[in-house]
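Student: With the hints as constraints, model all of the structure from the sequences given.
Quick note, the sequences are listed as chains A and B, same order. Residue numbers for the first sequence follow our numbering, so the first one is 166 and each next one is one higher. Residue numbers for the second sequence follow our numbering, so the first one is 47 and each next one is one higher.
For the record, the hints were derived by calculation from the structure and aren't laboratory data. Possibly wrong hints are sitting among the right ones.
[To be verified] When the alpha-carbon atoms are kept at most 25 Å apart in a straight line, the in silico DSS-like pairs for lysine-lysine are as follows:
hint, chain 1, residue 1, chain 2, residue 2
1, A, Lys-268, B, Lys-74
2, A, Lys-243, A, Lys-206
3, B, Lys-74, B, Lys-49
4, B, Lys-53, A, Lys-177
5, B, Lys-74, A, Lys-297
6, A, Lys-226, A, Lys-173
7, B, Lys-49, A, Lys-318
8, B, Lys-74, B, Lys-53
9, B, Lys-49, A, Lys-243
10, A, Lys-318, A, Lys-268
Owing to the predicted nature of the structure, the values given are computational and were not obtained by experimental measurement.
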Amino acid sequence: MEERQGVKLQEKFASAVAAVCGLGGLGSNIALSLARAGIGKLILIDFDQVDVSNLHRQQYKASQVGAYKTEALTACLKEIAPYIELETHTVRMTEANTVALLKDADVICEAFDNAECKAMLVNIVLEQMPSKYLVAASGMAGIDSANLIQTRKVMERFYLCGDEVSEVSEAESLLSSRVMLCAAHQAHIVLRILAGEFES
Amino acid sequence: MVKINGKELDITGKTLADYLAATDYDPKRIAVERNGEIVPRNQYSKTVLADGDRIEIVSFVGGG
Chain A
166 MEERQGVKLQ EKFASAVAAV CGLGGLGSNI ALSLARAGIG KLILIDFDQV
216 DVSNLHRQQY KASQVGAYKT EALTACLKEI APYIELETHT VRMTEANTVA
266 LLKDADVICE AFDNAECKAM LVNIVLEQMP SKYLVAASGM AGIDSANLIQ
316 TRKVMERFYL CGDEVSEVSE AESLLSSRVM LCAAHQAHIV LRILAGEFES
Chain B
47 MVKINGKELD ITGKTLADYL AATDYDPKRI AVERNGEIVP RNQYSKTVLA
97 DGDRIEIVSF VGGG
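Tutor: Spelled out as structure tokens, the structure:
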């Protein structure tokens, strides 16, 4: 990995802390991607347990149904990146606890599935933690073209990934490939930010 | 004129809250930037849109 990416890049990743808020379709995929890329530390936050309906898009196994996502994901990550530092919080993020949970992160990934929670997190970080980089996601449902999933720089330190319109509904469910695309966009812009490559 | 997501609108003098109420935006599912700065949610009703303001409204949809 060092030879491929260059030692400097690897050092930047290894000294970084990324928070992943929500460990579902987006979060579990983001965490795995960042772990494989050599990120130093992940702060993983999710109150929920693995459900059988999660398996179609989330990086959990059937044997993990019923386990807390923080624990199940920890097990997956430790097998991939044994030396990664993990800080887990099996809690629901609220207006009251968000700042404290995220204070040590360099980059924050919003990976919720609920639109109001997404907005809550984004507003709290932008209002109260303006020195942090924030990567949020919106719009990845259905089977529309993969080419519509994009990364957009909204503000100096706020990036938004997704197609911004495809909402999950009765008609449009979440397909793992399209969710992974959005998660990969998020993980990739995190790595670019850490490498000092900012979109224009 | 006020620019909202790139579109010029004649709403100078309106509050942000009043503008949003006349649209389909759900105030609980958005983030609003005004001239490069985030507008705190508790300020929507006190933010009076001025001539030349550039507003960006980011709307979140469910799924993840």
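Student: None of the hints should be skipped; say for each whether it holds.
Tutor: Hint check:
1. As the CA atoms of A:Lys-268 and B:Lys-74 are separated by approximately 24 Å, the hinted pair is consistent with the 25 Å bound.
2. Distance hint between A:Lys-243 and A:Lys-206 is fulfilled; the C-alpha atoms sit about 12 Å from each other, no more than 25 Å.
3. For a cut-off of 25 Å, the pair hint linking B:Lys-74 to B:Lys-49 stands: about 22 Å separates their Cα positions.
4. For the proposed pair B:Lys-53 and A:Lys-177, the alpha carbon gap of about 40 Å is over 25 Å, so the pair is violated.
5. Between B:Lys-74 and A:Lys-297, the direct Cα distance comes to roughly 22 Å. Compliance with the 25 Å bound is thereby established for this hinted pair.
6. Restraint check for A:Lys-226 and A:Lys-173: not satisfied, since their Cα atoms lie roughly 35 Å apart, outside the 25 Å limit.
7. The hinted pair formed by B:Lys-49 and A:Lys-318 meets the criterion: a straight-line CA distance of about 18 Å does not exceed 25 Å.
8. Straight-line distance between C-alpha atoms of B:Lys-74 and B:Lys-53 comes to about 22 Å, which keeps the hinted pair within the 25 Å bound.
9. About 49 Å separates the Cα atoms of B:Lys-49 and A:Lys-243, which puts this hinted pair outside 25 Å; it is violated.
10. A distance of roughly 22 Å separates the Cα atoms of A:Lys-318 and A:Lys-268; the hinted pair therefore holds under the 25 Å criterion.
In summary, the numbered hints that this structure violates are 4, 6, 9.
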